[in-house]
Amino acid sequence: AKGISFGILYDSTEKSVAELYGLDLQETIDMFNNFYQEHHWIYGWKMEMKEMARQRGYVEAPHGRRRRFPIFDLYRNEQGWYDENLVPREHRSMIADALRQSSNAPIQGIASDAANIGAYNLLRYIK
Numbered sequence: 135a136k137g138i139s140f141g142i143l144y145d146s147t148e149k150s151v152a153e154l155y156g157l158d159l160q161e162t163i164d165m166f167n168n169f170y171q172e173h174h175w176i177y178g179w180k181m182e183m184k185e186m187a188r189q190r191g192y193v194e195a196p197h198g199r200r201r202r203f204p205i206f207d208l209y210r211n212e213q214g215w216y217d218e219n220l221v222p223r224e225h226r227s228m229i230a231d232a233l234r235q236s237s238n239a240p241i242q243g244i245a246s247d248a249a250n251i252g253a254y255n256l257l258r259y260i261k
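Numbering (our numbering), first residue to last: 135 to 261.
Simulated from the structure, these hints should not be mistaken for laboratory data.
Predicted, not measured: the structure shown is a model, and the values here were computed from it.
Ideal Cβ positions, reconstructed from N, Cα and C, are used throughout, including at glycine.
Misleading hints may appear alongside valid ones.
Stated by the list, open to error - Pairs of lysine-lysine residues, derived as DSS-like cross-links and limited to a Cα-Cα distance of at most 30 Å, are as follows:
no.	residue 1	residue 2
1	Lys149	Lys136
2	Lys184	Lys261
3	Lys149	Lys184
To be verified - Computed beta-carbon distance windows for the label pairs:
no.	residue 1	residue 2	range
4	Gln160	Met181	18 to 28 Å
5	Trp179	Glu218	44 to 54 Å
6	Arg226	Gly252	18 to 28 Å
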């Protein structure tokens, strides 16, 4: 369950999660589908982060931490919008990587900030 949850949050494919944990592919697909049925808002949020990355060139965590993705700025049309049709074939894997990272970056940012706050409070306590 933990592997499926992290696989979904890190935008892994069903196939990669199945291979990593030695699971049956169809069973893994079913688990992904069950997860999204139970937590349907997560899928929408991930798509929202990906669209934010495409159109703004960054994603933002709820507390304001930003992760920039300048690759999307390279492929903007005359109106300034990201246009997938402008991406050359050899750069599509870089775009896919940036999209995977865009839904993960806010989660990592929150976790990093929480760890930093905890370390700061621990230091204050020790002093």
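Results for each hint:
| no. | hint | result |
| --- | --- | --- |
| 1 | Lys149 to Lys136 | 16 Å, holds |
| 2 | Lys184 to Lys261 | 43 Å, violated |
| 3 | Lys149 to Lys184 | 21 Å, holds |
| 4 | Gln160 to Met181: 18 to 28 Å | 24 Å, holds |
| 5 | Trp179 to Glu218: 44 to 54 Å | 21 Å, violated |
| 6 | Arg226 to Gly252: 18 to 28 Å | 39 Å, violated |
The structure does not agree with the numbered hints 2, 5, 6 stated previously, though it agrees with the rest.
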